[in-house]
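Asks: This is what each chain is made of:
Number of protein chains: 2
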Amino acid sequence: MELIKVSANSRTSAVAGAIAGVIRDHNHADVQAIGAGAVNQAVKALILATNYLRNDGIEICCVPEFVEVEIEDKVRTAIRLVVEPR
Amino acid sequence: MELIKVSANSRTSAVAGAIAGVIRDHNHADVQAIGAGAVNQAVKALILATNYLRNDGIEICCVPEFVEVEIEDKVRTAIRLVVEPR
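Protein chains in written order, with my numbering: chain A, 1 to 86; chain B, 87 to 172.
Simulated from the structure, these hints should not be mistaken for laboratory data.
Bear in mind the structure is a predicted one, so any value in this text is a computation, not a measurement.
Glycine residues also receive a C-beta, built at the ideal position from the N, C-alpha and C atoms.
Do not rely on the hints blindly, as some may be mistaken.
[Unchecked claim] Example chain B residues on the side facing chain A (calculated, C-beta under 10 Å, incomplete):
| hint | residue |
| --- | --- |
| 1 | 94 |
| 2 | 124 |
| 3 | 149 |
[Said to hold, decoys possible] Covered stretches of chain A, as calculated for chain B (at least 3 residues, CB under 8 Å):
| hint | region |
| --- | --- |
| 4 | 37-49 |
| 5 | 59-69 |
Bound-form chain A, shown alone:
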């Protein structure tokens, strides 16, 4: 399963399209963000994706979790939004 990585500079509409596409294909999407700016973009993208999918009759909800990720040999704490149909 592809992980959707979001940065503080990600375009919310592009991320939203990715979330909606992965949900349509797999009924599950993992969205990962590190840092406040990235988390904010991820949540905004999720709102847009929720609206896109609602138009198709799909209601999604999200369970956030912490995940440890290794970036350039350093362990950082990321936030992962686990998205699924309700």
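Add chain B to chain A, keeping to what the hints say.
Replies: Here is chain B on its own, set in the frame of chain A:
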């Protein structure tokens, strides 16, 4: 229903306790944040609350939405996390 307002300076454990308490009492919690720092704190608090409630056998999930709020006569866009048992 009480609205749980989160700022960038909110303590995540305090917000998490509030979310868990409101879910236990009402089966529904609305968590509101304005700005990236506040949204980040809200999501982190939601992760903690998810873990608290999981220990009680309650699985929650969240649907985020935009809301317009008026603060000091200015309209601002807030993010509201609507939290309910799955």
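Asks: For each hint, tell me whether it holds in the structure or not.
Replies: For each hint, the structure was consulted:
With its C-beta approaching chain A no nearer than about 8 Å, residue 94(B) sits inside the 10 Å limit, and its interface hint holds. Using the Cβ-Cβ criterion of 10 Å, the hint placing residue 124(B) at the interface with chain A is satisfied: the shortest such distance is roughly 9 Å. At about 5 Å, the closest approach between the beta carbon of residue 149(B) and any beta carbon in chain A falls short of 10 Å, and the interface hint on this residue holds. A stretch counts as covered by a chain when three or more of its residues have a beta carbon under 8 Å from one of that chain; for the region 37-49 of chain A and chain B the count is 7, and the coverage holds.
Coverage of a stretch by a chain is defined here by at least three residues with a beta carbon nearer than 8 Å to that chain's beta carbons; for the region 59-69 of chain A and chain B the count is 8, and the condition holds.
The earlier numbered hints are all upheld by this structure, with none contradicted.
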